[in-house]
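Trainee: Mind assembling these two chains? They're in different frames, but the hints should get you there.
Protein chains in written order, with our numbering: chain A, 39 to 171; chain B, 5 to 217.
No lab work stands behind these hints, which were simulated from the structure alone. Among these hints, one or two may not hold up.
Not the full set, but computed from the structure, chain A residues with beta-carbon under 10 Å of chain B [claimed, not checked]: (1) Val-46; (2) Ala-49; (3) Ala-51; (4) Leu-53; (5) Ile-57; (6) Tyr-59; (7) Arg-61; (8) Ser-62; (9) Asn-109; (10) Ser-110.
When the alpha-carbon atoms are kept at most 20 Å apart in a straight line, the in silico EDC-like pairs for lysine to aspartate or glutamate are as follows [unchecked claim]: (11) Lys-69/A - Asp-204/B; (12) Lys-84/A - Asp-170/A; (13) Lys-77/A - Asp-90/A; (14) Lys-77/A - Glu-155/A; (15) Lys-69/A - Glu-203/B; (16) Lys-69/A - Asp-163/A.
Every residue gets a Cβ at the ideal spot worked out from N, C-alpha and C, and that includes glycine.
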Amino acid sequence: MMAGVIFVFSAAALLQFFISYCRSLIAASSKQVLSAEVKDVTGIQKIASGDDFKRVMQLLHLCPERPEDRNSVQAIGAYFSLLNFLRSTVARIVPSMRAWTESERAQCAYFAAVALERRISFSRDMLAQQMDS
Amino acid sequence: MVVCALRQGAFRRYLPLNLWMLLEMLSGLSRFYVLHSYGLQSSEYFYFYYYSEALATIALYFALTSLYARVLEELKAESYVQKAAILLLSGTAVFSYLIVRQSSHLLVTHFVVELSQNLYFVGLVLTYLLWGAMLKLRESRTRVIQFVLSLGVLFSVFAANYALRNLAPDLRWLWGSLPPIFDCFLPLAWCYTFLRIPEDARLVPARLAVVPR
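The shape of chain B in the complex, shown without the other chains (with noise of 0.2 Å):
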C-alpha cells in the first residue's frame, strides 16, 4: 500500500493512513521473528502479539482521526478532533482499566487485550459518525469516500468478532483463527483506492448511502 501511494506521490498528502501501514508491517515482521525464535505456544509471542495488536489499534484509531480532520478540513476543526481523540482515547483506557482491575494475575495483558476490543467498538462508532457528516456535508472526494467505508468495514467485522468471542467462548480458536484473514482487507482496499482511483475522482455519497437520501 506504501509502494502504491508513493507511486501515486499521495504518501505525505495521506501521510497518518500510510504510517500505520508502515506500523502494521513492522509489527508483523517483529511477530514473525519472535515466532520462529520462541514458537507459537511461548508466552514471548503470547505478549508480543496482544501489545503489538493494541498498538497498532491505536495507530489505526489515529488514521481515523486524521481523516475526520480531511472531512472537517473546511471548518477548521483539526485542534477539536484531536483533542476529542485524546479524551476519547484516555475514556477507553480508563474503561478498559476499570473492567480489568478485579483481575490481579496479567493485569496488563488484560488491559491491553481489553483496550483493542473497546477501541475497535469505538472505531465503529465513530467511523458510523464520519460516514454521517459525509453525506451531510456532501463530501465528494472518492478516495476519501473508500478508505472511510473500508476502514468501516474493517472495524464492524472486527468489534463483530470479538463480540462473538464474548457470546460463544467455546469457539474461540474459530474467533481467533479470523483477524489475520480480515488484516488483509485493508491494505488491498486501500491500495485498490490510490491505484484505481485518481486524486480528484468525485462520487455523489447520497448515491451511495443504502437507505435512499
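Only chain A is shown next, with the shape it has when bound in the complex (with noise of 0.2 Å):
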C-alpha cells in the first residue's frame, strides 16, 4: 500500500519536473537566433512548426554528436512523444489543450534546429582544426 502511494507521488513528480526541465531548455534556446543558412536547411524562416520536429531531427543526427548535446535532444525527443501522444489522446477531447501542445511541438522543432546549428558549427570548427595541423 505504502509503496503504491510513493509510486503514484514520484511518477506524477516526475512527470512534472520532467515537462518543467524541458520546457526550461527550450526556453532557453528559444532566444538564439537562426542562422541563414540553418533556415535555409531546415526550412525555418520564422516560425517553426510540430511537423518540421522529424525532419530536422533527422539533419541532426547526420552531424557528429556531442556529448553534452546528447541529453537534452534525448530529453527533448521524449517530451515531443509525449506532446504527440496527448494530441492524439487528451487534445481530442480538449480544444485548449490542442493549441497548446501545437505551440510546444513548434518550440521542440526550434529546439532541434537551434541544436542543429551547434553540431554544424562544432563539425566546422573541428574540420578547420584537422585543416590547420
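Mentor: Below, the structure is given as C-alpha cells:
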C-alpha cells in the first residue's frame, strides 16, 4: 500500500519535473537566432512548426554528436513523443489542449534547429582544426 | 561535469554540486576496483556497492540543501536550512532504523539500503517544495532552475524505481539494472547547464510550470 502511494506520487512528480525541465531547455534556446544557412536547410524561416521536428532531427543525426548535447536532445525527443501522445488522445476532447500541444511541438522543433546549428558549427571547427594540423 | 564547471569558472560558486560529482566519480572508480578484484557475486562488492550508494545519496541530499540556501539567500536563511537538513537527515536515519531493527541478520546493511531508499523519497519531497518556493519567489536564474528541475527528475525516478522494487519484487533484476542508467542523467544535465547556460541567463519560472500561473 505504502509503496503504491510512493510510486503514484513519484510518477506524478517525475512527469511534472520532466515537463518543466524540457520547457526550461526550450526557453533557454528560444532566444537564439538561427543563421540563414540553418533556416535554409531546415525550412524554418521565422516560426517553426511541430511537423518540422522529425525532419530537423533527421538532419541532426547526420552531424557528429556532442556529448553535452546528447542528453538534452534525447529529453526533448521524449517530450515531443509525450506531446504527440497528448495530441492524439486528450487534445481531441479538450480544444485548448490542442493549441497548447501545437505550440509546444513547434518550440521543440525550434530547439532541434538550434541544436543543429551548434553541431554544424562544431563540425566546422573540427574540420578547420584538422586542416590547420 | 567538474571540468565543465572549472572551464566556466563556476567550480567554487557551485561547490557542493561539484563535490558531490567528485565523490560520485571516486565511488564509481572504487566500485570498479572492487568489482575487478572480487567479482560481481562477491559479498565485498555487494557491501561496497550499497555503502558507497548510501554515502553518495547523503552527499546529494546536502547538494540539494545547498540549492535551498542559494534560493533562500535573500532571506538570510542559510543557518536555518542547515539545521533543518541535519534534523531531517537524523529523522530519516531513525525512521530507517525502526523499519529494519527486527532483522538481526545483516542489520547495518539493511539499514544502509533502507536509508538510501528513504532519502530518495525525502529528497523528492524537498525538491518539490523547493520548486514551489522558486515559483512563489519568482527565482529567475536559469542555471539554478535547471539544477533543481534535473535533481527533481533524478530523485523522482529513483523513488519510483524503489517503490516498484517493493511492488513487484519478482522483477528485481529489472529494477536493479536501471539505476546505473539513471545515474548518467544528472552529470550530463548539469554539464549541459554549465556549458550552455551563462551565469547571468534569466527565465520567467511561471512559464515553466505545468499548470499555468
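Trainee: None of the hints should be skipped; say for each whether it holds.
Mentor: Okay, the hints, checked on the actual structure:
1. Interface hint at Val-46/A: satisfied, since its Cβ lies 9 Å from the closest Cβ of chain B, which is below the 10 Å cut-off.
2. Restraint check, Ala-49/A versus chain B: the minimum CB separation of about 5 Å is within 10 Å; hint holds.
3. The interface hint given for Ala-51/A is met, as the beta carbon of that residue sits about 4 Å from the closest beta carbon of chain B, less than 10 Å.
4. With 10 Å as the threshold, the beta carbon of Leu-53/A comes within range of chain B, its nearest partner Cβ sitting at about 8 Å, so the hint holds.
5. Among the interface hints, the one on Ile-57/A holds; its C-beta lies about 5 Å from the nearest C-beta in chain B, closer than the 10 Å criterion.
6. The beta carbon of Tyr-59/A is positioned within 10 Å of a beta carbon in chain B (closest approach about 4 Å), and the interface hint is therefore held.
7. The interface hint given for Arg-61/A is met, as the beta carbon of that residue sits about 5 Å from the closest beta carbon of chain B, less than 10 Å.
8. Proximity of Ser-62/A to chain B holds as hinted, the smallest CB-CB distance being about 5 Å (cut-off 10 Å).
9. Taking 10 Å as the C-beta contact cut-off toward chain B, the hint placing Asn-109/A at the interface holds, the least distance being around 4 Å.
10. For Ser-110/A, the shortest C-beta to C-beta distance to chain B is roughly 5 Å, which falls under 10 Å, so the interface hint holds.
11. About 14 Å separates the Cα atoms of Lys-69/A and Asp-204/B, which keeps this hinted pair within 20 Å; it holds.
12. Distance check on the hinted pair: Lys-84/A and Asp-170/A sit about 36 Å apart at the alpha-carbon level, beyond 20 Å; violated.
13. For the suggested pair Lys-77/A and Asp-90/A, the alpha carbons sit about 12 Å apart, so the restraint of at most 20 Å is met.
14. Pair hint Lys-77/A plus Glu-155/A holds up; C-alpha atoms about 9 Å apart against a cutoff of 20 Å.
15. Restraint check for Lys-69/A and Glu-203/B: satisfied, since their Cα atoms lie roughly 15 Å apart, inside the 20 Å limit.
16. A hinted pair counts as satisfied when its Cα atoms are at most 20 Å apart, and Lys-69/A with Asp-163/A does not qualify at roughly 23 Å.
In this structure, the earlier hints numbered 12 and 16 are contradicted, and the remaining ones agree with it.
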